[in-house]
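All chains, please: the whole structure from these sequences, using the hints.
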Amino acid sequence: MELVRQSRRAYELGAFLRSRRTLLRPGEVGLSDEGVRRTSGLRREETARLAGVSEGYYVRLEQGRAPHPSASVLGALAGALRLSDAEREHLFALAEEVRPEPEPEVLASGVRRMMELLVPPTAAYVIDRRSDVLVWNDSAAALFGHLIDGPRRPNNVRYVFTDPQAKKIFVDWADIASDSVAHLRAATGHHPDDAELTALVADLHEVSPEFRRLWPARELRRKISGRKELNHPVAGRMSLDYEVLNAPQVPGQRLVAYAAAPGTRSHAALGRLLQGAEGPGRVRG
375 MELVRQSRRA YELGAFLRSR RTLLRPGEVG LSDEGVRRTS GLRREETARL AGVSEGYYVR
435 LEQGRAPHPS ASVLGALAGA LRLSDAEREH LFALAEEVRP EPEPEVLASG VRRMMELLVP
495 PTAAYVIDRR SDVLVWNDSA AALFGHLIDG PRRPNNVRYV FTDPQAKKIF VDWADIASDS
555 VAHLRAATGH HPDDAELTAL VADLHEVSPE FRRLWPAREL RRKISGRKEL NHPVAGRMSL
615 DYEVLNAPQV PGQRLVAYAA APGTRSHAAL GRLLQGAEGP GRVRG
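In this note's numbering, the protein residues as written are 375 to 659.
One thing to keep in mind: the hints can contain errors.
For lysine-lysine, the following DSS-like pairs were computed, each having C-alpha atoms within a straight-line distance of at most 27 Å [what the hints assert, rightly or not]: (1) Lys597 / Lys542; (2) Lys541 / Lys602; (3) Lys597 / Lys541; (4) Lys602 / Lys542.
The set of hints was computed from the structure by calculation and includes no laboratory data. Small disclaimer: the values here were computed from a predicted structure and weren't measured.
This is the structure we're talking about:
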């Protein structure tokens, strides 16, 4: 089992390095891009030279055949490839230089209470690293149709890529889809051997051409706030601000809240949705 896990990590680490290398233009790192280049981005030998490692060793890293890279080598590679903070963390996680604590399957202590304290008609839910929705309030259920009790937990990424309603409700669906994949990809760095995560990715590959196109890019993205434009079938067009908070004590769980400024059309529309829900702000899930 350990051999399989390490092999998967080595493969993902190599694939991630390759994906970042091919996106980096020679001019961005002070190299000449003149002449014929048979590969996009940097060549392997150029990347190795910039990182101060041998070309042979770097090739073996991309092929998933190199010994466990040290923190200093990873840091050099991150610098050579101009990785962002999120990409650097992902690289180190794939190499197990940062070993995350196991994530329990139970809801973080106090999160349900945090949900109850939110002022209606704020819509809120809590997701885990797989984007499974663990708990949600009535406003969120009225806003997003997939938030219902059932034998399987609702999943935000599955909703985005498999529910036709998602393409109608998210005005900027392409951006939402890209962000969803980026969040899910980040989770694989810390948990490449997660059987449920692997099954989710396989299912989405099977049913969604858009997911199949986005997944290999290995983009990583973290958004903690922003605005989403929705075209709700009942409430109509809404502009909702959102905030993402990490749940206390449990890595990977995040509370996501949607709201609009009082007095705006979007706030009134969200309020009408809550009035039509089963209860005034009840938390369920």
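- Message: Next pair to validate is Lys602 with Lys542; report whether the Cα-Cα distance is within 27 Å.
- Response: Within the cut-off at roughly 13 Å; holds.
- Query: Lys541 and Lys602: Cα distance at most 27 Å?
  - Reply: The hint holds at about 13 Å.
- Message: Checking one constraint from the list: CA of Lys597 to CA of Lys542, max 27 Å. Satisfied?
- Response: Roughly 22 Å between the alpha carbons, so the hint for Lys597 and Lys542 holds.
- Would you check the hint for Lys597 and Lys541, treating anything up to 27 Å between C-alpha atoms as holding? 20 Å, holds
Of the numbered hints given earlier, the model fails none.
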